[in-house]
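A.B. asks: Whole structure, please, built from the sequences with the hints as guidance.
The residues making up each chain are set out below.
There are 2 protein chains.
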Amino acid sequence: MDTNVWLYIGMGLGVVSFCISLAINEWVKRQDAGTEKAQKIAKAIKDGAWAYLRRLYGALTGVAIVLGAVLAIVFSFSSEGFGLARGLQTAGAYVVGAFCSAIAGYLGMSVAVRANVRTATAAEHSLNKAFDVAYRAGSVLGLAMVGIAVFGMCLIYLLTRDPEIVLGFSFGASSLALLAKAGGGIYTKTADIAADLVGKVEAGIPEDDPRNPAVIADNVGDNVGDVAGMGADIFDSYVASAVAAMLIGFTGFLSFSAEEQAFYTVLPLILAIVGIVSSVIGIQLVRVGKNGKPGTALNMGTVVSCLIYAALATALFLAMKWNLGALIATVSGLVVGVVIGFTTDYFTDDNFAPVRKTAEIAKSGSALTIITGLSYGFISMAPSIIGIVVATLVSYFSAQAFGLPGIYGVGIAAVGMLSLTGVVVANDAYGPIVDNAKGVAEMSGYGEEVVERADALDSAGNTAKAITKGFAISAAALTVLALFAAYKEQIEQYMPGQELLLNLQDPMVLSGILLGAMIPPIFSALTMLAVTKNAFKMIEEIRRQFREIPGILKGTADPDYATCVGLASEGALKALVLPALLAVVLPLAVGFVLGPAALGGFLGGAIFVGVIFALFMSNAGGLWDNAKKYVEAGNCGGPGSDAHKAAVVGDTVGDPFKDTAGPSINTLITVMTLVSSLFAPIIARFHFFG
Amino acid sequence: MDTNVWLYIGMGLGVVSFCISLAINEWVKRQDAGTEKAQKIAKAIKDGAWAYLRRLYGALTGVAIVLGAVLAIVFSFSSEGFGLARGLQTAGAYVVGAFCSAIAGYLGMSVAVRANVRTATAAEHSLNKAFDVAYRAGSVLGLAMVGIAVFGMCLIYLLTRDPEIVLGFSFGASSLALLAKAGGGIYTKTADIAADLVGKVEAGIPEDDPRNPAVIADNVGDNVGDVAGMGADIFDSYVASAVAAMLIGFTGFLSFSAEEQAFYTVLPLILAIVGIVSSVIGIQLVRVGKNGKPGTALNMGTVVSCLIYAALATALFLAMKWNLGALIATVSGLVVGVVIGFTTDYFTDDNFAPVRKTAEIAKSGSALTIITGLSYGFISMAPSIIGIVVATLVSYFSAQAFGLPGIYGVGIAAVGMLSLTGVVVANDAYGPIVDNAKGVAEMSGYGEEVVERADALDSAGNTAKAITKGFAISAAALTVLALFAAYKEQIEQYMPGQELLLNLQDPMVLSGILLGAMIPPIFSALTMLAVTKNAFKMIEEIRRQFREIPGILKGTADPDYATCVGLASEGALKALVLPALLAVVLPLAVGFVLGPAALGGFLGGAIFVGVIFALFMSNAGGLWDNAKKYVEAGNCGGPGSDAHKAAVVGDTVGDPFKDTAGPSINTLITVMTLVSSLFAPIIARFHFFG
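In the order they appear, the protein sequences are chains P and B.
Just so we're aligned: 690 in our numbering is position 690 of the first sequence, and the numbers increase by one with no gaps anywhere.
Just so we're aligned: 88 in our numbering is position 88 of the second sequence, and the numbers increase by one with no gaps anywhere.
Do not take every clue at face value.
Copies of the same chain look alike in the list, so a pair counts if it works inside one copy or between any two.
In silico BS3-like cross-links for lysine-lysine, where the CA-CA straight-line distance does not exceed 25 Å [as the list claims (entries may be wrong)]:
| no. | residue 1 | residue 2 |
| --- | --- | --- |
| 1 | Lys-537 | Lys-357 |
| 2 | Lys-574 | Lys-357 |
| 3 | Lys-629 | Lys-29 |
| 4 | Lys-129 | Lys-290 |
| 5 | Lys-293 | Lys-645 |
| 6 | Lys-321 | Lys-43 |
| 7 | Lys-645 | Lys-200 |
| 8 | Lys-645 | Lys-537 |
| 9 | Lys-363 | Lys-645 |
| 10 | Lys-363 | Lys-533 |
| 11 | Lys-537 | Lys-363 |
| 12 | Lys-363 | Lys-200 |
| 13 | Lys-200 | Lys-554 |
| 14 | Lys-645 | Lys-533 |
Read the hints as simulated data drawn from the structure, not as lab findings.
C.D. replies: Below you can see the structure in the form of structure tokens.
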């Protein structure tokens, strides 16, 4: 079958997926929007979210124009002589990538800020109804995202037949994702920590209390951090995994026939198409049965989609008589991804030892709580790392056994792991929606039963989130490994006859690794310091309002929500400049000064340490969060006890770990690897040392 | 000049250095041992320290016998056919290495437990006199250690002419160091945390109060952790750096003349000799002048010894017309080591922003204190990493420019960095001695002025310690990099005609790196969890004593110190089993199963991540410690304020960071690299995959 046919199918299914998501969006809109008070609160959250998104997208437009212009100029010069066409194509793909990622984030946020109040209102009827609203709303983002991504990649490849141009698309998506994810992460934790520290601890009012001036900012934060930010982040991994495999399919198959080369370049897109179909079916099957549990429903959805994908892919490969090495690779990636997700759960679920022991030790104070949680966090990366190693070895050697380049197998395994992106994102977006719903229910005085139902939905969201997070980080790791291989192929293409040996014993490679290894910790530190700095400012503002607007605490005067929202926005955007510059400028500096081998080492170091940091920070954060909830459920002394206070400290430390620094590292390493691959043709020719 | 002459000079100077240390030891013994009460307390500390050391050395003897027997058998078979001689040589060198390391630790501890009370007593006269006693006592360990190490290495090489046998010596020293360092680290923090949490927080009695049942265990901990453990640790880096360079001098110079090969194999020992001379002179020059500051005196000692080393080495190289590439390499290592030490100081000194900002943010509670300290800890590794990179590149390319193998330059740079070990150890051992002296002075009722003087000496010790720690970690990193190169040379020697390519793109190497990268965090987690578990038990015991021996708090009944000391000993030794097994068994498992390339990657991953973790944990711990002291000095609310409570939490978290997990990682990566190099001949021939 002509590969073009697959590209058209991809574009068609992309449109279908997007349309389904629009239809679900309409369904969500039609749900009951609740009481006037609830709508008023929901509107405040919505306005805050839009205000931030407008500023973020404004800033991003500036960045996109500048970077686009740079790309246009640089890539016009890089070919033999000056040829504006290629430069414009790269720049165009870049801008489209950024734009697509922005659309996905926009749509996700738009449905999330509508769904929160509707979920809360549906919870007045039943838990199942509320679950339906929240989950379907989450699936809008999931389906829209995969639809846009596959459509975009197929279209660009169809027009240009050049995976390097698709790389530009991926870089566009990633550079937006980095800003959206890190910015959203800083925003959400600034508001969360400030609201908790002044509200709960100083003023003694409960969480999500409308008297707290930061309460709206806190709820806005859930949306901009966990919906828009997370969406952009997974969009970026998803695109990057496909592009990495396409690049390897192109440059790694130079010794194959032109037809085969074309096929293996497009195969990642074909697998993405299979993934879309599986996700669309899988999402429809997620239902909470009578007496069913929301958590089980979410996990069943993941597992069922996984089975559908494996079955469809196997049928397709057998029917078309395609190379089975690639099939084994993609299925191994998928299986390992799911196994990683569920084993990571052991470390963050309160049914197991790590959370319980941490809660137990909280009785002896916050210091030991921190040490214990951190220690379990360190250990918790073992299942994921071992899983990544297994997926790497199995996919590499199975591809090789069937006559394909081994590294192509790794790229295809990453595509396999991310093939369920639609489902994973739906699960993930469900979390902040129900979290917000709980907030809206409490603030609008919806009654205890409703709040309890919202709470049950919320804790299912937390478990699902922990699983998908382990999954997402591992998938990103595998993607980046494939991308890293693509970097090497790119460099070699432009240094004809020379092999780029990234030998661990070469001092340039070694130096690169050590320098790269510093970046994830420093990046984490910068984002976390931004959180504490901004939280400090917001704490001052909340205290000022309590002091200067005397009626707030009695409930007779409204607090000034907008100032807190503004502070969080401004602080987050300002704090982005340095980390974003690091991500783009450092790899280029290392490449142009120390040469391609040092840059290879640099990427390697950043990837290895980045995976370690992303995993331990996310897991430790999840563990502390659940240890606190375990104590709040009446264990180890229960609410108000010393153990509870210590557990709250653990949770507060874990907040920026799991929602700011940890997950942003994914995007950081993706951006750094993409920028290196993209500039590889130029770095290969111009560098000072090496 | 015949290289044998240098070996004899080395043995002679080793003996001289050791004798000087014995003479200083006698001088310390002759100092006034103070009041009867002080002597009683000092005796309790001494007895506790001996009791632990006896148990530790008992366990170590068992380990040494078992590992020695394994080495004897394995290395008898490994040569062509069966030849017991070589096996026995390797095993003998191993046992001698372990024994030498034990002697150095024993001697250091023996003088430290005597010097504490004598320093306290000398402080009754003047600060200068007390400084002299403490510093000279510290120098006993420093000089004994370098003396024994150089004597042992020269002797073994003279007898066997085989650097691989000297590798056995180094492995002996390292395996002991791992147990001594990790065990001592667990011991000291178990006692410290338990004593603080029950004594200071619950019972409200001050630090070092004789009514606290854990107070003797706490003081014993300073000796077993910071003197015996640290001594064994630096002994191990010192020997490993010389052995790594010797191995490269042997295998890397196969294409040179036999004479040149012999010279470059011995050159690391010659540089160690220059280091001994510089240290002996430098130590004599450390004096606190009238109105002088102890901290400045310690730092001046380091700088002056450094200049002496550089001058002597330059004179020697010029006089003997030796290759200047090696001179540049060794001096670059030394200079970078000192620069790293002083820049690291920025992050842990209370005159600079990081400590002050952390203290400031402590006002808003313990959670933000943890996040802030951790963030600065992450950033703080930058100077060291950049320093290591500079030292690597300069030494590699300067060696290459003068016709030597580049990697030999890196080995020689590590030797240069560690050439001042005598001085560094003297500075380091000074710390726990004055810390103990302060404790003894307080417990014996020596009056406020004496305690104040002891305090001044103590804070100088803390600053010196922070500097030497940065230095030690960086030196270990460079050493391990050289050792890592030696591993490759070893493997290639036994796989004739095959080059061991540690290519970052090889799936085996990549998998090895990812697996290796997990080890330092998991090792840290295991040791830290051991601390919290043991501290928990000791807290119960202290509470029991307060409950069941009613006169304790009134001062009418003596607490049962011995039980706490016993608990700490037993807990530390038990907790060692798993981490020690990890360090020895995992590299062998990776090597024999996944092959030499995967093992190379494994070592690389462990080294890169190990350096990152060692640096951030040590620096963050030092930062929190000094932030607490800064608050206690009356800043940010002063003692008893909320900021103080938060700062105490930071310090407690930092304790196992900086004194248990962080510094043990050094030894961990050294042991893993040594065990791999040692077994390389066998792994090269027998492995499953790869």
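A.B. asks: Honestly, which of those hints from before does the structure not fit?
C.D. replies: Failing hints, ascending: 3, 5 and 6.
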